[in-house]
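**Student:** Sequence:
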Amino acid sequence: MRLTKFTDYALRLLLLAANRGEGARLTIDDATQTFNISRAHVKKVVLHLSREGYLTGTRGRGGGIALARPASTINIGAVIRSTEPDFGLFECYLPGNTCRVSRGCRLASVGNKALAAFLAVFDSMTLEDAMLQDDLLGGMAPEAPQQPLRGPRVPPVPAAE
6 MRLTKFTDYA
16 LRLLLLAANR
26 GEGARLTIDD
36 ATQTFNISRA
46 HVKKVVLHLS
56 REGYLTGTRG
66 RGGGIALARP
76 ASTINIGAVI
86 RSTEPDFGLF
96 ECYLPGNTCR
106 VSRGCRLASV
116 GNKALAAFLA
126 VFDSMTLEDA
136 MLQDDLLGGM
146 APEAPQQPLR
156 GPRVPPVPAA
166 E
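Residues 6 to 166 in the working numbering are what the sequence shown lists, from first letter to last.
Honestly, the hints are just simulated from the structure, not real lab data. In this text, all values refer to a predicted model and were calculated from it rather than measured experimentally. No residue lacks a Cβ here, since even glycine has one placed at the ideal position from N, Cα and C. Treat the hints with care, as some may be off.
Label pairs and their computed distance ranges (CB to CB) [as the list claims (entries may be wrong)]:
hint: 1; residue 1: Ser87; residue 2: Pro163; range: 22 to 28 angstroms
hint: 2; residue 1: Glu89; residue 2: Arg66; range: 31 to 37 angstroms
hint: 3; residue 1: Phe95; residue 2: Leu20; range: 27 to 33 angstroms
hint: 4; residue 1: Lys10; residue 2: Gly62; range: 19 to 25 angstroms
hint: 5; residue 1: Arg56; residue 2: Leu8; range: 15 to 21 angstroms
hint: 6; residue 1: Phe92; residue 2: Met136; range: 24 to 30 angstroms
hint: 7; residue 1: Thr103; residue 2: Thr63; range: 44 to 50 angstroms
hint: 8; residue 1: Asp35; residue 2: Arg105; range: 48 to 54 angstroms
hint: 9; residue 1: Ala73; residue 2: Ala125; range: 24 to 30 angstroms
hint: 10; residue 1: Cys97; residue 2: Asp134; range: 30 to 36 angstroms
hint: 11; residue 1: Arg74; residue 2: Phe95; range: 34 to 40 angstroms
All chains should be modelled from the sequences, with the hints used to inform the complete structure.
**Tutor:** Put into structure tokens, the structure is as follows:
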């Protein structure tokens, strides 16, 4: 399963805002430089997160964005559901399904179970659970080297007996 870049950016922005601490503001420029994401993308994500009640913004000098509520009350699963346009694992999940075998296929029900398990993991976490370690914040400068790939760790297929 793969989440969209929009969801990835949303989670990163929330984490960065959470690590700034209560009352501290994060600017659009801070986020674009920290994550090397275009200003337009950051603004789009901030607008969505603000509409959903996760961020609050203040205009003008000394303004910026901050969490609208404590990190301990922001559920990661809820954020993902609000930012993902669909969870179309298969053709038959999407409007305009053209799959000729979808009426009798049982793969969709297995996909639904897998999706529920996937989201259940995120539903069990709050933003506070996922917050960045303070000593890692310094390594997020724009000139920092690319970080190593951290996932996925898909278990191997069990051997046939």
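**Student:** Decide, hint by hint, whether the structure agrees.
**Tutor:** Right, here's what the structure says about each hint:
| no. | hint | in the structure |
| --- | --- | --- |
| 1 | Ser87 / Pro163: 22 to 28 angstroms | 36 angstroms, violated |
| 2 | Glu89 / Arg66: 31 to 37 angstroms | 36 angstroms, holds |
| 3 | Phe95 / Leu20: 27 to 33 angstroms | 31 angstroms, holds |
| 4 | Lys10 / Gly62: 19 to 25 angstroms | 22 angstroms, holds |
| 5 | Arg56 / Leu8: 15 to 21 angstroms | 19 angstroms, holds |
| 6 | Phe92 / Met136: 24 to 30 angstroms | 26 angstroms, holds |
| 7 | Thr103 / Thr63: 44 to 50 angstroms | 48 angstroms, holds |
| 8 | Asp35 / Arg105: 48 to 54 angstroms | 50 angstroms, holds |
| 9 | Ala73 / Ala125: 24 to 30 angstroms | 25 angstroms, holds |
| 10 | Cys97 / Asp134: 30 to 36 angstroms | 34 angstroms, holds |
| 11 | Arg74 / Phe95: 34 to 40 angstroms | 36 angstroms, holds |
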